[in-house]
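Asks: The primary structure of each chain is shown beneath.
2 protein chains.
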Amino acid sequence: MAFHFEILVKDPMTQARLGRVQTRHGSFSTPAFLPVGTQGTVKSLTPEELVEMGVEAILGNTYHLYLRPGHETIGRLGGLHPFIHWGKSILTDSGGYQIFSLGDLRKISEEGVTFQSHLDGSLHFLSPEGVVGIQRTLGSDIAMVLDECIPYPSTYEYVKSSTSRTTRWAEKSLRARQEGDPALFAIVQGGMYPDLREESASDLARMDFQGFAIGGLSVGEPKSVMLAILQGTLPLLPERNPRYLMGVGTPEDILDAVVLGVDFFDCVLPTRNARNGTLFTSHGKLSIKQTQYAEDKNPLDEQCSCYTCRHYSRAYLRHLYMAKEILSSRLNTIHNLFYYMNFMKEIREVIQKVKLLDFHKEHQTHPCRPEMDETLQCHPA
Amino acid sequence: MAFHFEILVKDPMTQARLGRVQTRHGSFSTPAFLPVGTQGTVKSLTPEELVEMGVEAILGNTYHLYLRPGHETIGRLGGLHPFIHWGKSILTDSGGYQIFSLGDLRKISEEGVTFQSHLDGSLHFLSPEGVVGIQRTLGSDIAMVLDECIPYPSTYEYVKSSTSRTTRWAEKSLRARQEGDPALFAIVQGGMYPDLREESASDLARMDFQGFAIGGLSVGEPKSVMLAILQGTLPLLPERNPRYLMGVGTPEDILDAVVLGVDFFDCVLPTRNARNGTLFTSHGKLSIKQTQYAEDKNPLDEQCSCYTCRHYSRAYLRHLYMAKEILSSRLNTIHNLFYYMNFMKEIREVIQKVKLLDFHKEHQTHPCRPEMDETLQCHPA
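If you're matching them up, the sequences are chains A and E in order.
Just so we're aligned: 276 in our numbering is position 276 of the first sequence, and the numbers increase by one with no gaps anywhere.
Just so we're aligned: 223 in our numbering is position 223 of the second sequence, and the numbers increase by one with no gaps anywhere.
Honestly, the hints are just simulated from the structure, not real lab data.
Misleading hints may appear alongside valid ones.
[Claimed, not checked] Computed list of lysine-lysine pairs in DSS-like fashion (alpha-carbon distance at most 25 Å, straight line):
1) K297/E with K324/A
2) K88/A with K10/E
3) K324/A with K345/A
4) K10/E with K324/A
5) K297/A with K88/E
6) K361/A with K285/A
7) K289/A with K324/E
8) K10/E with K324/E
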């Protein structure tokens, strides 16, 4: 069987689950965080570095790869895995998020979406069926259906009509599936309207998808709204399938969502923050450009055992950042992704030990929390 | 003894020597190529990656490190070696080349040079004695004297007066030396005037330096002029000391200079070219951005065993370059530096086997040669 999801432990006190996903390219433990490899590379790192820090699955962006170098090119080169020298699992998004972020450069119809490339202004049309085909050509392990990621705020009427179209697109995507295709996940929409979210989830839950994603969250709404939507939606999805919260988020958001029953996450936050000099540590966030670190001999986080913390001082990391050196992005990305992978490992361990609720409570007062931006948008551009 | 140079084999047919340099941070074989770590990092790579490809010594730029983060800061952090996590040898230049490249932003006197920082316009004064002190604070293994790198072309009168000042600065530098200091190398100047080059070399050869560099070449003069100057100058330098040709160059220039008796080289060419997508291969130079590589499954060079050639296609490297991905600079730099380190290893092997002359003749018709730019300037900015 190409795709299989097994729930190993169900937390008795929360909705959290410890699981294992099997794909054509190996297996990975859930709850899982998938680093974002937008253009066929997790920015600044090699596959070996990702594996060393425990990454078992990454995300690729269909929109970006479709435009450059082109899915047909990647297909002729044997698919995304050999092209980028990555032997483990790959989830590809549908491109919907990026296309719908283009604003005036795209036009939507029942058949699909016409848009202009952000690279050269060229005109493209993508249908739900076409998007399934692109991800087939890429050789993805887990493919996403085309959906409209609805802006926040939007009117009830707009969200209703958009969400029902996304559901019709999901049906078309299922019908376009062929033997040997990647696993296919549906995407729940419905904006911030609980009844539309419920309708979307119930409609999609009746269809034969391998997994279900929650899209259209972390788009600027208050954190409390996001959690309420999740709390209302997740129980409507089939328990035996994995649930994927797209584009989320901070470690605290991830932990909150795990408690509500989410299994996968992806977000550019650890990698983008790293390149901008913002580092996650056990004492909270740290902005490496600050003058106070100019002669600081300490590692970023004395509790961290990543390559960066084992060999480099804050002073050197500040110097590399100020001098705009490429090594700055590398060392910072290694640290932040290591932090995230370690955080997910801790979550899986506390679920195993039936201590998730204690861990969650401790993190309510985690030093990161007050500094986190509630309306943070962490999707790739 | 902190610094020692031993000649192991003298080629009977040419002036080439196989040698070994001992510093406080280990030893390295000569002829050697030192990758340039301008701002305390060989751009895009970690020290472990350099060691893996056989790098035993790197160059640091005093001008850049003096301005940012400042030599005093590096000194308080234990010196350049722990600061940048490099345990092997470091040669630092004097900053002369960079300062004299500033044009109108610098003013020269008998006592030294006043210049404006390219970073913030702040005013600085450096004397020959001060430059020795800065390199002491950095904890360098091999330090260079302050010199004026004379522009090409310059009048005989200007070159004469500048060169004699550089020689007086060399005497001052020697007098400023303290117990436990780095090894100190003088720099031969004299522009493109054979008699001034001879005078400079003879004057410096009488002083107690551990090594001698040839500066002010590869500044835009024809290749034939550079070789003639080297041929006239090198025999005037003490045979028992290492000779260092600064800022050179292409593999072919390096080979020509080895035949004339040069022991060390440094150049930004392999690293800068890598970032610009120009790769050295056994078939000549390759510009990875070319459309012909868009679906090319082959490695950059099927004869190369570097990490990049073992795992990635030209198609992927072209994609990373076109998408301006950080990994592009990394993979290309690994390849080009591996090519250079391998080339130096080959040179040392053919000297050992007394086959340098054959190797040199083969390289007269090397595919790289006709493409190489004769007036290439490969100093860091």
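Asks: What are the numbers of the hints the structure violates, in ascending order?
Replies: 1, 2, 3, 4, 8
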